[in-house]
Each structure stands twice: as structure tokens, then as C-alpha cells.
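Protein chains in written order, with the numbering used here: chain A, 10 to 327; chain B, 10 to 327; chain C, 10 to 327; chain D, 10 to 327.
Don't read these hints as lab results, they were simulated from the structure. Just so it is clear, the structure is predicted and the values come from calculations on it, not from any experiment. Among the clues, some could well be false.
No copy is singled out in the list; a pair is fine if it fits within one copy or between any two copies.
[Unchecked claim] Below, simulated SDA-like cross-link-like pairs (lysine to any residue); rule was C-alpha separation at most 25 Å, straight line:
| no. | residue 1 | residue 2 |
| --- | --- | --- |
| 1 | Lys225 | Ser120 |
| 2 | Lys225 | Ile88 |
| 3 | Lys136 | Ser264 |
| 4 | Lys225 | Pro74 |
| 5 | Lys225 | Pro263 |
| 6 | Lys136 | Phe214 |
| 7 | Lys225 | Glu215 |
| 8 | Lys136 | Gly70 |
| 9 | Lys136 | His31 |
| 10 | Lys225 | Pro159 |
| 11 | Lys225 | Asn77 |
| 12 | Lys136 | Ile88 |
| 13 | Lys136 | Asn77 |
There are 4 protein chains.
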Amino acid sequence: MVNLPDYDDLPPAPDGGRLGWHLFGPDDDLGLINLLTAERAAAAAGLVRRGETFPLDAPLGTFSPPLNSARGNPRHHVIAQPGGIGFDDVWDNLYPQAGSQWDSLAHIGYSREIYYNAATAEDILTKGRNTIGHWAAHGIVGRGVLLDMPAAMRALGRPYDPGTTAEFDPEVLETAREIAGVAYEPGDILLLHTGFADWYTRQPFEVRRALPRDLKAPGLAHSEDVCRYLWNSHAAAVASDTFAVEAWPADTSPSAAPFGFIHQMLIGSFGMALGELWHLSDLAADCAQTGVYVGMLVSSPTPAPGGISAAPNAVLVK
Amino acid sequence: MVNLPDYDDLPPAPDGGRLGWHLFGPDDDLGLINLLTAERAAAAAGLVRRGETFPLDAPLGTFSPPLNSARGNPRHHVIAQPGGIGFDDVWDNLYPQAGSQWDSLAHIGYSREIYYNAATAEDILTKGRNTIGHWAAHGIVGRGVLLDMPAAMRALGRPYDPGTTAEFDPEVLETAREIAGVAYEPGDILLLHTGFADWYTRQPFEVRRALPRDLKAPGLAHSEDVCRYLWNSHAAAVASDTFAVEAWPADTSPSAAPFGFIHQMLIGSFGMALGELWHLSDLAADCAQTGVYVGMLVSSPTPAPGGISAAPNAVLVK
Amino acid sequence: MVNLPDYDDLPPAPDGGRLGWHLFGPDDDLGLINLLTAERAAAAAGLVRRGETFPLDAPLGTFSPPLNSARGNPRHHVIAQPGGIGFDDVWDNLYPQAGSQWDSLAHIGYSREIYYNAATAEDILTKGRNTIGHWAAHGIVGRGVLLDMPAAMRALGRPYDPGTTAEFDPEVLETAREIAGVAYEPGDILLLHTGFADWYTRQPFEVRRALPRDLKAPGLAHSEDVCRYLWNSHAAAVASDTFAVEAWPADTSPSAAPFGFIHQMLIGSFGMALGELWHLSDLAADCAQTGVYVGMLVSSPTPAPGGISAAPNAVLVK
Amino acid sequence: MVNLPDYDDLPPAPDGGRLGWHLFGPDDDLGLINLLTAERAAAAAGLVRRGETFPLDAPLGTFSPPLNSARGNPRHHVIAQPGGIGFDDVWDNLYPQAGSQWDSLAHIGYSREIYYNAATAEDILTKGRNTIGHWAAHGIVGRGVLLDMPAAMRALGRPYDPGTTAEFDPEVLETAREIAGVAYEPGDILLLHTGFADWYTRQPFEVRRALPRDLKAPGLAHSEDVCRYLWNSHAAAVASDTFAVEAWPADTSPSAAPFGFIHQMLIGSFGMALGELWHLSDLAADCAQTGVYVGMLVSSPTPAPGGISAAPNAVLVK
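Construct the complete structure from the given sequences, taking the supplied hints into account.
Next comes the structure, spelled out in C-alpha cells:
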């Protein structure tokens with residue numbers, strides 16, 4: 010098993026920050042999902058007490074109109090079988106990134122030129138480097154840790170509205186970890202509950218329709234401190250109930266890289282799995298009620314060869 | 010927890026066989042997935058030893074050209090984001106039933122007129138009765154039991170070819186159970202490994218292309234005895250590596266109902282989840298090698314409101 | 010042949026303006042396309058002199074990113090046939106209204122409650138009333154008349170920019186007609202050349218990408234005078250090189266009806282065919298050079314049963 | 010204007026037959042559509058007498074289930090606009106070759122290695138050589154000549170069934186031409202009415218469903234004589250109401266080339282436009298009744314950049 014260095018012991022990255030490449034070999038396409046070993050899967054199974062199962066994918070079409078207006082909604086056709094013996098069905102216009110999803114390591118690069126582990130755009134398109142099929146073949150089973158961000162904000166006495174921008178710095182993340190009552194373990198899958206998705210589904214159509222023109226959401230702060238904190242947690246993945254994990258708007262311009270849009274650090278440098286638009290509110294309510302913030306997380310990403318993204322198809326079993 | 014009656018104590022069904030409706034209430038849309046209680050999920054977690062994870066979904070596009078030629082292949086577009094910061098992707102023509110899948114209880118009726126629990130076609134299309142979203146919201150976590158059918162056929166001294174028709178009667182199923190070394194428990198998810206999918210992927214294109222015109226596969230025998238056997242096992246689900254679970258060809262004509270095409274009994278009368286085209290060969294090899302045929306099965310079906318079918322997104326953790 | 014009344018002799022419409030319904034019978038689904046009789050088609054053929062042919066559809070994907078961001082681009086897959094004998098192809102996400110198109114009489118109603126000739130939304134969805142198939146079965150062959158709006162604006166000494174809002178009132182339309190040197194004849198297909206599409210295709214990607222957030226275009230003024238003018242011209246159709254024929258932005262709120270958004274009058278009351286995003290610049294240049302502004306227009310709309318819109322598939326032959 | 014040589018004066022083609030390449034220059038992508046000059050378009054307009062218009066495209070979805078089972082049916086979604094002002098619509102799974110269509114010169118090569126005018130598969134896929142956009146930009150306007158094949162077979166005293174195989178040799182074609190009462194002119198668009206499509210639409214579902222497994226249709230004979238006849242007619246295009254123009258089954262194996270499957274000669278060597286599954290029965294009835302077999306044909310193929318095929322969007326005006 011690999012012992013990961015601390016963030017400040019990583020080599021410097023060309024455009025700023027530190028570089029997490031090559032810790033699992035030059036040809037690795039999994040990134041920090043490598044931390045999800047059989048031993049850790051077995052340990053995660055040991056966390057199951059009640060057997061209560063929390064599905065973490067929002068139903069298809071939940072985020073409608075789509076938050077990124079270039080995508081459109083999935084289209085579903087039910088087809089009556091000739092002869093009347095039953096039904097078949099088919100989907101069109103299914104953008105994994107329009108709903109609950111994993112970003113693969115092919116989604117965003119460290120820079121416009123280079124992706125995780127030095128893969129090029131060409132490597133992604135022609136060799137499937139970093140694409141989602143690698144994770145699907147490995148399986149994603151580990152410990153899930155819910156971080157309840159509204160509770161952490163409250164504990165710190167900070168005002169909070171899940172429908173607008175808020176930046177979570179390491180202090181807030183630490184507070185959430187303390188509320189969860191856990192110490193981080195390598196390979197953890199952090200579940201960043203912000204309340205955004207729950208807020209979204211309660212909005213009337215007109216509010217949801219206007220959102221794409223001025224997207225805002227709470228999330229990770231745009232700072233090296235947050236990157237250092239996450240790397241040093243040695244989490245394999247961070248999934249949230251927002252569309253970006255990090256606070257939005259971000260600054261995606263090259264001049265703000267790599268911390269203006271920390272996808273570039275988390276995915277492109279660290280090889281960290283980012284989950285977006287997950288359904289976390291039912292789980293968060295149960296955690297608050299039971300005081301148990303951990304469980305066995307099982308995700309079976311759609312086995313899409315060459316896929317840039319995929320549904321997580323995740324449950325947490327407590 | 011419901012205690013299910015024996016098959017012969019069920020009321021007679023209108024067109025033959027016995028009727029498993031209404032055991033979980035008149036409005037139930039889950040069928041035998043109701044057997045997957047929290048207690049059983051917790052017990053399944055207790056089966057995990059090594060933490061070895063077996064993904065059970067075949068990659069999208071594995072069965073190409075499609076076994077049912079009306080469906081076509083899924084189409085994948087990778088889209089470079091304007092400004093060069095990364096990629097997005099989208100799927101069209103995605104027929105869940107063209108690959109690894111669960112049939113929902115809306116897929117096939119007990120008869121042409123009526124579906125599980127007395128739902129009509131209209132109930133399915135307008136109210137979503139029996140559709141896949143119900144299972145996705147419940148989650149599917151339980152004990153998976155691999156039944157190694159080629160091994161059972163060998164043990165019985167019967168010739169066997171996974172690329173053609175073979176009918177598994179209760180004797181073969183019992184032999185497979187004995188090889189697995191287990192007694193059935195209510196809510197089991199039986200994994201019927203026939204070797205078909207593995208055989209398929211080793212065929213050249215021309216053989217695969219000709220298959221849809223004369224489909225053949227091993228599977229459950231078309232008999233009331235097999236139905237009785239499965240009901241009395243109190244399994245929640247049966248998944249196989251073929252496209253039909255039951256032997257093919259079946260006789261889908263009304264005059265052969267309900268045992269000519271036992272989908273009508275298993276789905277339409279029992280409310281049993283049928284899984285098809287699952288990837289079971291790696292798991293079967295591990296079972297044969299380790300002598301351990303059970304594990305924790307976690308499936309997160311695509312949360313498709315109104316869906317007739319869905320990817321199982323399943324893993325077995327041993 | 011029907012002799013149409015003058016606008017002011019039409020009965021009043023319930024929410025303002027005049028009502029052009031029922032002039033071709035209570036069950037008519039064609040509207041003013043009824044004016045395109047065989048006699049007029051023959052007369053149009055008589056206009057052909059040089060045989061020069063001007064295709065009036067922009068290539069698929071011309072307007073990208075889509076002007077209405079809910080639509081997305083058409084997706085094209087080329088499929089190599091097994092055995093290497095050639096290629097096949099398939100299109101997904103093809104929104105007729107994202108490119109050159111006819112709006113059918115089912116696209117926009119006179120009001121939110123009622124469509125042309127008293128059809129309801131239910132009539133459209135279940136009986137195909139007013140949908141595009143009716144025009145496709147009739148065929149659209151008649152006299153095309155190019156109205157060169159930039160030239161008319163210049164002639165009137167008004168400033169003009171095809172990339173922003175400008176309202177064409179009857180005076181400008183009359184000026185354009187005089188430049189064309191024609192008297193209107195019943196059944197004319199007016200081709201409103203504004204220069205918008207030509208301007209659009211010369212813009213860099215970033216300008217085109219920003220457009221959907223603040224759409225502007227020249228077009229017909231939002232007034233009863235314009236409606237009266239067009240009705241009294243007894244044109245069958247008006248097609249332009251903008252996305253709306255009328256000036257944009259319009260006021261689509263119920264309180265501004267029916268002249269805030271004159272689609273409601275032109276389509277919903279008059280039954281007039283509106284063509285949008287047509288390719289008119291090559292034709293306009295030829296008209297200016299030759300002084301001949303008329304020709305034989307032939308359009309074969311995609312024969313889409315139940316279609317709301319369709320590609321015009323139009324040429325003008327001079 | 011090019012004066013085309015006779016067939017026997019063309020150079021020999023590498024695998025048999027004669028080669029029609031390079032008559033319009035080495036970079037030509039239009040083939041015999043080059044014969045459709047402005048002069049010929051003007052002459053075609055001069056044929057219009059009554060102004061009667063015959064749409065020649067069958068409605069989308071006419072050939073269902075698809076004759077080539079790999080394709081599936083087009084899927085149409087009507088979308089109610091938020092706020093209730095009207096409807097939008099979108100198509101998925103639209104295979105031009107599943108309905109009325111032109112085959113572009115990129116559809117089938119002279120051989121597996123080389124397409125019309127020496128284009129390679131790479132030229133087609135990356136440079137758009139021979140693809141449908143070239144014809145759409147040129148426009149297709151010329152003289153249409155209906156050849157009534159059932160009438161010709163009757164005149165020759167040969168038995169005929171439009172639902173099965175029949176080979177039209179030059180004698181039958183000549184007979185049809187004589188019935189039409191015309192001499193061929195360069196650039197003619199021959200409309201080969203066989204009665205197949207009309208027969209098809211009268212079959213019950215079960216017959217249509219079984220067809221793809223044993224496709225048969227009348228059409229051009231598989232012979233060099235037919236190729237010579239067509240070339241020497243100097244037609245620009247041949248369109249029929251069958252799925253292949255030539256009799257089916259053809260022999261597409263390399264050993265039967267180039268006359269076993271004369272697509273390879275007509276498209277790959279001659280650069281001739283082939284139209285398939287056109288709606289010709291209404292036109293044929295009118296021709297028989299009026300004795301007039303010619304008219305002005307106007308086709309506006311879908312302007313699909315890189316398209317392999319396209320709807321013809323054709324009418325004949327008489």
C-alpha cells in the first residue's frame with residue numbers, strides 16, 4: 010500500500026501548487042481511487058450496523074431545466090412491444106454531468122495542456138486515458154464520511170444560505186469533521202452536504218429556470234489551504250450536493266489557475282474523484298439524528314468506455 | 010417481516026400457475042425486493058471477508074451488434090468545452106435492455122392484460138406503477154449467491170455448451186446450490202452463471218452478427234417445477250449472464266402461457282427481479298477457486314422515473 | 010379560389026386584433042398555405058428565366074451554440090458498415106427550430122388557450138391538428154419575393170445594424186416592396202432579408218456564445234399596422250433570416266397580447282407560415298445585382314407526422 | 010457543358026466495368042449532379058403546365074419496423090414551452106437511410122478501398138469528400154421522368170409482383186421509356202416506379218416485421234448491360250420506391266464486384282445519385298392517367314455537412 014507524502018512534500022506543479030502525479034505509476038488512470046484497497050473495502054463493510062441503505066443518486070431529470078443550459082434534459086421513450094407482451098425503453102440526450110455524477114480524471118486538466126498524470130487530450134480521446142471505465146472496472150467501495158456544512162457554519166456562528174455562494178475554508182471543514190466525530194483515514198470518501206440540492210428542488214420553476222444565467226453555490230474555498238487540507242486528509246474522493254463541489258462562481262481563466270478553479274488542482278493534479286449533485290439530504294438528516302456520520306459507501310459508476318463522467322450509482326449503508 | 014407462503018399455498022392464477030400478488034399490500038410496486046430489509050442488508054455486510062469487489066455490469070456496448078436488433082448500440086459523444094478547459098459527454102440511443110440490466114416489474118406482465126399486483130399498462134405509463142424508480146429509491150442490498158451452472162451440469166454428467174439452448178430444471182439448480190454449499194435464505198439474490206456472456210465475447214464479429222436471427226441460450230427450464238423451486242427459495246431476484254434468464258427460445262405465444270415464457274410467472278406473478286446480461290465470469294472463477302459462493306451484493310439501479318429497465322450498477326463484495 | 014376579406018373586415022378576435030379563422034373551413038389545418046394553388050404554382054414556374062437555383066436552408070449546425078440555449082446542437086454519427094463496403098449515418102438531438110425552419114401552425118397559439126382555427130393543445134398532441142405534415146403533403150410552391158430590408162432602411166435614411174433590434178413598420182416594408190418593383194399577389198412567399206444570419210456567421214465564437222443571454226434582432230414591428238399590412242398583402246408566408254421574423258425582444262407576456270409578440274397574430278390568428286433562420290444573403294445579393302426580386306420558390310418541409318416545425322428544404326429558382 | 014463519352018469509351022475500371030471518374034475534374038464531389046446546369050433547370054421549369062405538385066418523400070416513420078433492422082425508428086419529442094405559449098420539438102435516432110433518401114457519393118465505394126473520384130474513406134471522414142452537403146449547396150433541379158415498371162412488365166407480358174425480386178434489364182427499361190413517350194436528355198432524373206413502397210404500406214405489421222430477415226424487392230438487374238444503359242442515358246440520378254434501386258438480394262461479396270451489387274458501379278464509378286424509398290405511387294397514377302410522364306423535379310437535400318445520406322425533400326411539379 011502506498012504511503013502518500015504530505016502536500017508540502019509534493020513536487021511543485023508548473024503553474025503553481027503541488028503535483029500529485031505518478032505516485033501510483035506513470036501509466037496509472039485511477040488516481041486516488043487506488044487508495045480504495047480490498048482491506049479498506051472490508052473495513053468499510055465492518056461499519057454497517059443497522060443495514061439502513063441511503064441511495065445517493067438523484068432521480069434522472071431532477072435538475073431541470075439543466076443547470077448548464079447547453080445540456081438539455083434526458084429524453085425517455087417507452088416502447089410497447091409488438092404483440093402486447095410488455096414494454097421496452099430507451100434514453101436519449103443523457104448527459105451524466107446534468108445529474109448526480111462522478112467527474113472522471115479526463116473531465117478537467119491541471120491546465121489547458123495537460124491532464125492528471127501527464128495525459129494529453131489526445132491520450133483521453135484515443136486511448137481512453139483517465140476515463141470513467143477505469144474506475145468502473147476497479148469498483149468504488151470504502152468508508153463514507155458525511156461532513157455537514159450547514160451544521161459547521163452554524164457551530165461557527167456564520168450566516169449561511171445554501172442557495173448562494175459560500176466558501177468553506179479549512180476551519181469550516183475541520184468543524185464539520187469534529188461534528189462527525191471522526192479522524193480521517195486514507196481512502197475516505199468525503200460527502201460534503203451543503204443543502205444546495207435540497208434547496209434547489211424546493212424552488213419554483215421560474216427560479217430554477219433563471220439559475221443558469223447566474224449560477225451560485227456554496228462549496229470549497231478557492232485556496233491552496235483547502236487543497237492542502239484535502240490532500241493531507243488522504244481522501245480518495247469528495248462528493249457534494251452541488252454542481253461543482255467548490256464554491257461558485259469560480260474563476261476559470263488561465264490567469265487565476267490553479268486555485269481560481271480548484272478542479273484543476275483536485276482532479277488535474279491530485280487525481281481526486283469529485284462527485285457532484287449527489288443526493289445527500291436524507292443521509293445528512295439521519296446522521297444528525299443518530300450521531301453516526303460514517304458508513305460503507307458503494308458506488309458502481311456506469312461502465313462507460315471512454316466516458317468523461319458517469320452516474321455514481323452510489324449507496325451508503327449504515 | 011412478511012412470512013411468504015409456499016408456492017402450492019398461493020391462490021391459483023387466472024391462466025395457470027399460482028399468483029404471488031398482494032403479499033406486500035395492494036399498492037406495492039416493489040415485489041420481492043421487499044424482502045431486502047435492513048436486517049438482511051446488515052447480515053450481508055457481515056459476509057464480507059477479503060473486501061474483494063466484483064463489478065457485475067458489462068461495459069456499455071459489450072453486446073454489439075445488439076442481441077435484439079431493434080435496439081442498436083449506445084452512441085457516445087465527447088464534447089470539448091469551449092475554451093479548452095476539458096470535456097463533457099452525452100449518450101444517445103441508450104437501451105438499458107441492450108446490456109447489463111434489471112427488468113422492472115413493468116417490463117412483462119403475467120398476461121397481455123395485467124402486470125404484477127394487478128397493474129394495467131395504463132397504470133405503468135401514467136402512474137409509474139412497477140417501474141424502476143421504486144427499486145432505485147429502496148436500494149438493493151442483500152446476500153448474493155453464485156450458482157455455477159456449468160459446474161452443476163458437469164457434476165450431473167450432462168453435456169453443456171453455453172452458446173446454445175440448455176434447460177436448467179430443479180435438479181440442476183439443486184446441484185448448483187449444493188456446489189455453492191449454502192441453504193437458501195429469504196431475500197437471496199441468485200446469480201445464475203451460465204457462461205453465455207463469456208462465450209459471446211469470445212466470438213468473432215460475424216458470429217455475433219448472425220446471433221439475433223436465431224437466438225439461443227441456456228437458462229431456467231420452462232416449467233411450473235422451476236417456478237415452484239424459485240418461489241420456495243424465497244429469493245428476491247435472479248440475475249444471469251444471458252439475455253433472458255430462462256432458456257431460449259421461449260414460447261411467448263398466449264397459448265403457451267404462463268410457463269412457455271416464465272418471465273410471465275417470475276415477473277408478472279411473483280414480482281421477482283430478473284437481471285440479465287450481467288458480468289458473472291470473474292466472480293464465478295473466484296468462487297470456484299476459493300470455495301466461497303456468497304457475498305454482499307449492492308446494486309444501485311439507475312434512478313429512472315417511469316423506467317421499464319435499468320442498469321443494475323451492481324458489485325459483489327466478498 | 011377563396012377571395013380573402015380585408016383585415017378590417019375580419020371579425021374581432023377575443024383578446025384584440027382580428028381573427029382569420031375558418032376562411033378555409035372549420036377543419037382546415039393549412040391556413041394561408043391554401044393560397045398556394047396549382048394555378049399559382051404554374052405561374053411561379055413561369056418566372057424562371059436563367060434557371061439559377063438558390064438553396065435557402067443554412068447547413069445544419071450553422072447556429073452554434075444554439076440561439077435558444079435549451080436546444081443544443083444536432084449530433085451526427087457516421088457508422089462504418091461491417092465488412093467495409095461503405096458508411097451509414099444517424100442524427101440525434103435534431104431540433105428543427107435550431108436552424109432554418111418553418112414554424113407550423115401548432116407552434117404558437119393565438120393565446121395560451123387556443124391555436125389557429127380553434128385547435129386546442131390536445132388537438133395538436135393527439136390529432137395532429139395544424140402540424141407540419143399537412144404542409145408537407147400539400148407541397149409549398151409559389152412566387153417568392155425578396156424584400157431587402159437593409160436597402161429599404163438605407164433608402165429611408167434610417168440607421169441600421171443587422172446585429173441588433175430594429176422594427177420594420179409598414180413604411181419600411183412598402184419601401185422594400187418598391188425596391189423589389191412588384192405588386193403583391195395572393196399567395197406570395199415574402200422573403201424578409203435583414204442581414205442578421207450573415208452578420209451572425211461572421212461573429213467570433215465568444216460573441217455567438219454570449220448571444221442567447223441577450224437576444225436581439227431586426228424584424229417586423231410589434232403593431233397592428235404591421236399585421237394589417239401583411240394580411241392585406243395576402244401573402245401565404247413570410248420567411249426571414251432571423252430567428253423570429255419579428256423584431257426581438259418581443260413581449261410574450263399575456264398582458265401584451267396579441268401585438269407584443271405578433272407570432273400570436275400571424276400564426277395563431279392568420280394561419281400564416283413563418284420561416285426562420287433562412288439563408289437569404291446570396292439570393293439578396295443576386296437580386297440587388299440583377300434587379301429581379303422574384304422567382305419560383307419550392308419548399309418541401311420534412312414530412313414529419315405531428316411535427317411542430319420542420320426544415321423548409323427550400324430553393325428559389327430564378 | 011461537359012459532353013460525356015459513351016460507356017464503352019470510358020477507361021476500364023480496376024476490378025471490372027468502366028470508370029466514370031474525373032470527367033468533372035479531380036476534386037469534384039458532385040458527380041453526375043454536375044449535369045444539372047442552370048440551363049437545364051430553366052428548361053425543366055418550362056415543363057410545368059398544370060402546377061400540380063407531387064411530394065416525393067414518404068412521411069417519417071413510414072417504413073416501420075425499419076427495413077434494415079440495425080437502424081430503428083426515428084423518435085420524436087414534443088416539448089411544451091414553459092409558460093404555455095406553444096410547443097417545440099426534437100428528433101433522435103434519425104437515420105436518413107431508413108426512409109426516403111439520397112445516397113451520397115460517400116455511401117458506397119467502387120470497391121472497399123476507393124470511392125467516387127478516387128476519394129478514400131479518410132477523405133470522406135476528415136475532408137467531407139463526396140458527402141451530401143455538396144449536393145445541398147448546388148441544389149437539384151431538373152427534368153424528372155417517370156418510368157412505370159409494372160406497366161412495362163405488363164407490356165412485355167412478364168409476370169410481376171412488387172413484393173418480391175424482379176430484375177429490370179435494358180429491354181424493360183426501354184419499354185418503360187417508350188411508355189413514357191420521351192427520349193432521354195442529359196441530366197434527367199429517372200424515377201423508377203416499381204410499386205414496392207405502395208405494396209409495403211398495405212402489408213400488415215407481422216409481414217412488415219418479418220421482411221428484414223429476407224429482404225426482396227424488384228429493381229435494376231445486376232449486369233453490365235444495365236450499367237451501360239444508364240450511363241448512356243446520361244441521367245444524373247435514378248430514384249426508386251425501393252430500398253436499393255437495384256433488385257434485391259444483391260451479391261455484395263468482393264468476388265461478385267462490380268456487377269453483383271451495382272451500387273458500386275452507379276455510385277462508386279459513375280458518381281450517379283441514387284434515391285431510395287421515394288413516394289412515387291401518386292405520381293405514377295397521375296402519369297398513367299394524363300399520359301404525361303415528365304415534370305420539373307426540385308429536391309433540396311438536407312444540408313448536412315459530412316452527411317452520408319439525406320432526405321431528398323423532393324417534389325415533382327407538372
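Hint-by-hint comparison with the structure:
1. Lys225 with Ser120: Classified as within; 24 Å inside a copy, 35 Å across copies.
2. Lys225 with Ile88: between (39 Å within a copy, 24 Å between copies)
3. Lys136 with Ser264: So Lys136 and Ser264 fail the 25 Å test inside a copy (30 Å) and across (36 Å) alike.
4. Lys225 with Pro74: both (15 Å within a copy, 23 Å between copies)
5. Lys225 with Pro263: For Lys225 and Pro263, only the intra-copy Cα distance (21 Å) is at most 25 Å; the inter-copy one is 31 Å.
6. Lys136 with Phe214: Classified as between; 22 Å across copies, 42 Å inside a copy.
7. Lys225 with Glu215: both (16 Å within a copy, 22 Å between copies)
8. Lys136 with Gly70: between (31 Å within a copy, 17 Å between copies)
9. Lys136 with His31: The answer is within: 18 Å in one copy meets 25 Å, while 39 Å across copies does not.
10. Lys225 with Pro159: within (16 Å within a copy, 42 Å between copies)
11. Lys225 with Asn77: both (12 Å within a copy, 22 Å between copies)
12. Lys136 with Ile88: between (36 Å within a copy, 16 Å between copies)
13. Lys136 with Asn77: So Lys136 and Asn77 fail the 25 Å test inside a copy (28 Å) and across (29 Å) alike.
Violated hints for the displayed structure, listed by number in ascending order: 3 and 13.
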